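Novice: Chain residues, written in single-letter form:
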Amino acid sequence: MALVSGPGRAGALPDELQLAVEAHVKYIQSLDTRRDELEYWLTEHLRLNGLYWGVTALHLLNRPDALPRTETIDFVLSCQAENGGFGAAPGHDAHLLSTVSGIQILAMVDGYEELEKRGKVVAFEGKEYKGKEVVGRYLSGLQNKETGTFAGDEWGEEDTRFLYAGLNGLNLLGLLDLVNVDLAVDYIVSCANFDGGYGVSPGAESHSGQIFTCLAALSIAKRIDTVDKDKLGQWLSERQVEQGGLNGRPEKLEDVCYSWWVASSMTMIGRLHWIDGKKLTEFILRCQDPVGGGFADRPGDMVDVFHTCFGVAGLSLLEFEGLEEVDAV
Amino acid sequence: MASHGVARPATIVPRTEQERIEEEREIKQYRELEDLIRSKIAERQYTVEVLELTSKLLKKNPEYYTIWNVRRRLLIYGLFSKPLDSSSHSTESQNISQTDIPTTSSAKPFSSSSISSEASSTTPQNPASQSHGKNGTTLDIIKADLDFLFPLMMKYPKCYWLWNYRLWLLQEGNQRLGAEFAQELWSRELILVGKMLVKDSRNFHGWGYRRTVVSQLESPKLNGKSMVEAEFEYTTKMIHGDKGLSNFSAWHRRSKLIPRLLDERHANDATRRKFLDDEFDLIISAMYTDSYPYAQSAWFYYQFLMTTLTDYIGHATITPNFTTLDRSEYVIRQLAILKDMLDGAEDCKWIYSALIEYTLALCQMEEREPDIDEKQDCKAWLAELRKLDPLRSGRWADLDNSLRK
Ligand SMILES: [Zn+2]
Numbered sequence: 001m002a003l004v005s006g007p008g009r010a011g012a013l014p015d016e017l018q019l020a021v022e023a024h025v026k027y028i029q030s031l032d033t034r035r036d037e038l039e040y041w042l043t044e045h046l047r048l049n050g051l052y053w054g055v056t057a058l059h060l061l062n063r064p065d066a067l068p069r070t071e072t073i074d075f076v077l078s079c080q081a082e083n084g085g086f087g088a089a090p091g092h093d094a095h096l097l098s099t100v101s102g103i104q105i106l107a108m109v110d111g112y113e114e115l116e117k118r119g120k121v122v123a124f125e126g127k128e129y130k131g132k133e134v135v136g137r138y139l140s141g142l143q144n145k146e147t148g149t150f151a152g153d154e155w156g157e158e159d160t161r162f163l164y165a166g167l168n169g170l171n172l173l174g175l176l177d178l179v180n181v182d183l184a185v186d187y188i189v190s191c192a193n194f195d196g197g198y199g200v201s202p203g204a205e206s207h208s209g210q211i212f213t214c215l216a217a218l219s220i221a222k223r224i225d226t227v228d229k230d231k232l233g234q235w236l237s238e239r240q241v242e243q244g245g246l247n248g249r250p251e252k253l254e255d256v257c258y259s260w261w262v263a264s265s266m267t268m269i270g271r272l273h274w275i276d277g278k279k280l281t282e283f284i285l286r287c288q289d290p291v292g293g294g295f296a297d298r299p300g301d302m303v304d305v306f307h308t309c310f311g312v313a314g315l316s317l318l319e320f321e322g323l324e325e326v327d328a329v
Numbered sequence: 001m002a003s004h005g006v007a008r009p010a011t012i013v014p015r016t017e018q019e020r021i022e023e024e025r026e027i028k029q030y031r032e033l034e035d036l037i038r039s040k041i042a043e044r045q046y047t048v049e050v051l052e053l054t055s056k057l058l059k060k061n062p063e064y065y066t067i068w069n070v071r072r073r074l075l076i077y078g079l080f081s082k083p084l085d086s087s088s089h090s091t092e093s094q095n096i097s098q099t100d101i102p103t104t105s106s107a108k109p110f111s112s113s114s115i116s117s118e119a120s121s122t123t124p125q126n127p128a129s130q131s132h133g134k135n136g137t138t139l140d141i142i143k144a145d146l147d148f149l150f151p152l153m154m155k156y157p158k159c160y161w162l163w164n165y166r167l168w169l170l171q172e173g174n175q176r177l178g179a180e181f182a183q184e185l186w187s188r189e190l191i192l193v194g195k196m197l198v199k200d201s202r203n204f205h206g207w208g209y210r211r212t213v214v215s216q217l218e219s220p221k222l223n224g225k226s227m228v229e230a231e232f233e234y235t236t237k238m239i240h241g242d243k244g245l246s247n248f249s250a251w252h253r254r255s256k257l258i259p260r261l262l263d264e265r266h267a268n269d270a271t272r273r274k275f276l277d278d279e280f281d282l283i284i285s286a287m288y289t290d291s292y293p294y295a296q297s298a299w300f301y302y303q304f305l306m307t308t309l310t311d312y313i314g315h316a317t318i319t320p321n322f323t324t325l326d327r328s329e330y331v332i333r334q335l336a337i338l339k340d341m342l343d344g345a346e347d348c349k350w351i352y353s354a355l356i357e358y359t360l361a362l363c364q365m366e367e368r369e370p371d372i373d374e375k376q377d378c379k380a381w382l383a384e385l386r387k388l389d390p391l392r393s394g395r396w397a398d399l400d401n402s403l404r405k
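Those sequence lines, one after another, are chains A and B. Quick note: the first sequence, position 6, residue 6 per full-length UniProt numbering, numbers continuous. Quick note: the second sequence, position 82, residue 82 per full-length UniProt numbering, numbers continuous.
I should point out that these hints are in silico values taken from the structure, not numbers from a laboratory. Predicted model, so just to flag it, every value in this text is computed and none were measured. Certain hints may be false.
Said to hold, decoys possible - So the derived label-pair ranges between C-beta atoms look like this:
hint, chain 1, residue 1, chain 2, residue 2, range
1, B, Gln29, A, Thr33, 13 to 23 angstroms
2, B, Arg260, A, Asp230, 20 to 30 angstroms
3, B, Glu366, A, Lys145, 45 to 55 angstroms
4, A, Asp110, B, Ser226, 52 to 62 angstroms
5, A, Glu321, B, Lys195, 43 to 53 angstroms
6, A, Glu82, B, Asn223, 39 to 49 angstroms
7, B, Tyr156, A, Asp230, 34 to 44 angstroms
Glycine residues also receive a C-beta, built at the ideal position from the N, C-alpha and C atoms.
Pulled out of the complex, with its shape left as it was, chain A reads as follows (with noise of 0.2 angstroms):
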């Protein structure tokens, strides 16, 4: 892993297409003070996940320590619900995506001790479970045992991205013996288009997140042998457009978050050198904001976190100069 480069290395690139780490680091740890701005109020549903994208963009940029960790892991566990899942805040309904990104910061703050200490008790089939426990029992209660895939929540709408996001919680948890790993590969496997790509569902288009869920699920289980590496990664190598960004699909147009999903997706089945790198990187650093901070989905347009976290994700997969490496997955 390389140093932290300074301003003006020799051969480094011109000074608008500089990692502004600082102003990064600023604009995350700023997120949470705008509470006397509406929208702030109106993207409560995304706490905890906004949340876990700064947290990452902050680990990634080797600034693990600029979100105090107490209060942070406070922040996590006051989103738990009754039925054992996460909230985007507290006092919203447990959903298994915001339960991921909380099972996610605290394995990126070291925080599992403190879940099972002060987690909610809960009860699943007349048993009690504690810390861990409960939340993969959450989880796991949201698997289909017909078909293999998982619900977001009690009310049951399926969805490729729900089936990566609940074997990526489980899998971190150490608990992906509570579901059925092989029924929910058959189900991937059933998603897979001719032109090697994956949907949301058997039967529909093939789309970079989709891929990128069904290829991540694929690698927890371990089981990336059943993807035609070939035909996908013409696929993805076609996103590319002439700005050196990725595109979500064919005639779209290309998006910072898109071209982590791209990215990541043609590492796990090893065809990220079948686009043009350097060409990627440059368009991620002009999304940035250098003076404010962040990364926006396209260079000119409004920052926001999740698009600073795929950014930072983007540049550290490209082994960007200072960055910590990030995981496909």
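Use these hints to put chain B with the ligand onto chain A, whose structure you have.
Specialist: Below, chain B with the ligand without anything else, positioned relative to chain A:
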């Protein structure tokens, strides 16, 4: 928190004192509304008044999934089982014709036992709501709620929670209403999703939703029958519409419908061969007009048709009884067409890439190595690709290596 396509202002103008006060007032209003709903729900007031409060909040913030869940509980534990007081609900249901409400007893009454055990374990049922409502009440509420959603969906077509809630409502209809009423609701959905796809013909949620609606309308529980012919027609219409040829979603849907379409037509080998010829004609003539050899989506469909010949094991096929010789003949004919297509489109990378792919596929089908001419051709086409498409030079390098083997 995740914005797309919103331009960043060149300079950030600080809020004036007046703007600050105004924003503070809006926050206060929003949070008070939120608190009010939460306290009413805590008291289990599953009433039309609280439903309207959630409508007010969701119009401000359709992404607030917990409030959508509150709304579901309001319906399940309260409103579905009580007659609707139409005067107090009029703000939301002005556009609902009262004649839509069935007055016969054909709407199946539902019982509290139809509530899913999962849901009832998270929210205890309101004992006051055990009585069954008048016939038609549930249908009326579902229709009113669908109508409430419609303008929100037009305004926020990419909001996942809106699609999610809408599907849930219709599933409730399946469980609580007779098949003919449920069928009527899903039929309205087909019209709605048609409108959404006119507005944005690539809306991902829209195409997915269309698949769900159609499979519901086809299902035996709604006394449905196959709609594959009509859906196939629909993709033809979309492809011939504005920018239709670059509509990846429409081509995708078409590719998925074809195997079923032919099966249901009980197509014989000759009909299938004719069908394949017609599809090739459709895509190739499209490529020749409107400068479409450069459109990726058209190539996607071309790839699909070719895959049914070259890589048919485990994939959809149009002509299952083709011999290897039939398949080779078709591929050879297509290679000739592609070579012709290069004339005047020498800068079109898709043609070169297709030529290489299907030349190699032909060799594989015929279980032989490429001959000297084929190798020469592939190398020449690859050289063009490297020039035309430097972004993917790593891919071309790998291809070059495999050609040298
Ligand atoms: Zn994006």
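Novice: Now look at each hint and say whether the structure bears it out.
Specialist: Evaluated hints:
1. Gln29/B x Thr33/A: 13 to 23 angstroms: Once the Cβ atoms are compared, 22 angstroms apart, the range 13 to 23 angstroms for threonine 33/A and glutamine 29/B holds.
2. Arg260/B x Asp230/A: 20 to 30 angstroms: Given about 28 angstroms between the Cβ atoms, the range holds.
3. Glu366/B x Lys145/A: 45 to 55 angstroms: Holds, at about 46 angstroms.
4. Asp110/A x Ser226/B: 52 to 62 angstroms: Check passed, 56 angstroms falls within 52 to 62 angstroms.
5. Glu321/A x Lys195/B: 43 to 53 angstroms: Holds - the Cβ-Cβ distance for glutamate 321/A and lysine 195/B, about 51 angstroms, lies within 43 to 53 angstroms.
6. Glu82/A x Asn223/B: 39 to 49 angstroms: Holds - the Cβ-Cβ distance for glutamate 82/A and asparagine 223/B, about 41 angstroms, lies within 39 to 49 angstroms.
7. Tyr156/B x Asp230/A: 34 to 44 angstroms: 39 angstroms Cβ-Cβ, so the 34 to 44 angstroms window holds.
The earlier numbered hints are all upheld by this structure, with none contradicted.
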